[in-house]
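Peer 1: Sequence:
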Amino acid sequence: MDKSSEEAGYNANYVQAFEFYLQQSEEHKAICAFMDKVLPDEFTRIGEGKSSFNVLGVGSGGGEMDAHMLHILQSRLPATPVSVDVVEPSKKLIDNFKALVARTPSLQKIPFTWNAIACGEYEKQVKGNKRFDFIHMIQMLYYVDDYVATIKFFQGLLRENGRLLIIHEGASSGWATLWKTYKKELCTRSISNYISASDIKDQLKALGLKFEEHLAPNTLDMTDCFTEGSKKGQLLLDFMTDQNFHTTMTPETRAGVLDLLRNKCSTVKNGRILFDCGLSCLVVHT
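If you want our numbering, it's the position in the sequence shown, counting the first as 1, plus 225.
Just so you know, not all the hints are guaranteed correct.
Said to hold, decoys possible - Result set (EDC-like, lysine to aspartate or glutamate): computed pairs, CA atoms no more than 16 Å apart in a straight line:
(1) K377 x D424
(2) K316 x E244
(3) K262 x E477
(4) K435 x E385
Said to hold, decoys possible - Ranges of calculated distance between the beta carbons of each label pair, as one might list FRET restraints:
(5) N354 x N418: 26 to 34 Å
(6) T338 x A374: 20 to 28 Å
(7) A374 x K323: 23 to 31 Å
Everything labelled a hint here was simulated from the structure, so no lab data went into it.
C-beta atoms are modelled at their ideal positions from N, C-alpha and C, and glycine is treated no differently.
Assemble the whole structure, with the sequences as input and the hints as a guide.
Peer 2: Structure follows, in C-alpha cells:
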C-alpha cells in the first residue's frame, strides 16, 4: 500500500533537508498551538470510562510532536495507563525519537513499541488485530500509493470513541499552489501523486466519516531561495520541490517555479519573502 522507506523520501538527503526545513519554518510551533487548543478536551472525551489509552503514531519522525501530544494526554488523564506504537520507516528518526524518550522522564513511564517500517508493512503485520484510542498521521499521506485505503485501514483500528488525527498541507496553501501547478515536473520521485487537504476532505465525506477541520496558519521565510549562491536557499528549494532544483530541472522550469513561489505562494513583510505553508488539522471520528 506504500513505498519502501527509501522510495518514500526517507533517504539521508531527504532527512537532512526535512530537518533543515523544520528549523527554518515554524511548522512544529503551529502544530503545537493547535494541539494545545484542541487535544485536551478531545483526550478527555476519548478516555472517559476507559482503563487504558492506546496511541499509534504513523510517520512519527523524530517524535517531537508525539512527545507534545503525550504530555497533553498525561496531563489530562494522569491516572490512565498509556501505551504507544510508533511506525516510522527512517531508522535515523527512530533513533532520534528513542533519544528524546531517554531524556524525558515523563515519556520513560510509557511503554513504546517501535516499528522501523513503512506503514504498508505495518498494515500487513497488524491486520486489524490491534486497536487504538488515538491515531495520528502528520504530513505523511503523500508517501502512500492509496491514501484513501490507508485512511480507511487506520480509521478501522480505532476503539470506541477513538479519533484519527490527520495533519496535512492546507487546501489553499502555497504548497498546494506549487505542486498542483507543477505536478508533472515535481511528482517524479518520492511523491507520485500530490494531494491536498481538499482532496482528503472530499474522500472523508465520500466515506461517510464525521470529522472537524482546524486550520493552523504558518509561514516560511524563504528569502534565501532568491539569493544567488545561497546554500540555505538551495537546500530549501530541493526540499520544497522534492528535486535537485538547480541540477535536474530545466532553466525554464526553475524560473517558472521561482516566479510562482514569489508572486502566487508568498507575501512580503519587512523585506522578507514569507511562503504560505498553513496546515489543515482533521479530527476524524470512529
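Peer 1: All hints, please: hold or fail.
Peer 2: Hints, one by one, checked against the model:
no.	hint	verdict
1	K377 x D424	15 Å, holds
2	K316 x E244	15 Å, holds
3	K262 x E477	44 Å, violated
4	K435 x E385	14 Å, holds
5	N354 x N418: 26 to 34 Å	30 Å, holds
6	T338 x A374: 20 to 28 Å	23 Å, holds
7	A374 x K323: 23 to 31 Å	30 Å, holds
Of the numbered hints given earlier, the model fails hint 3 alone.
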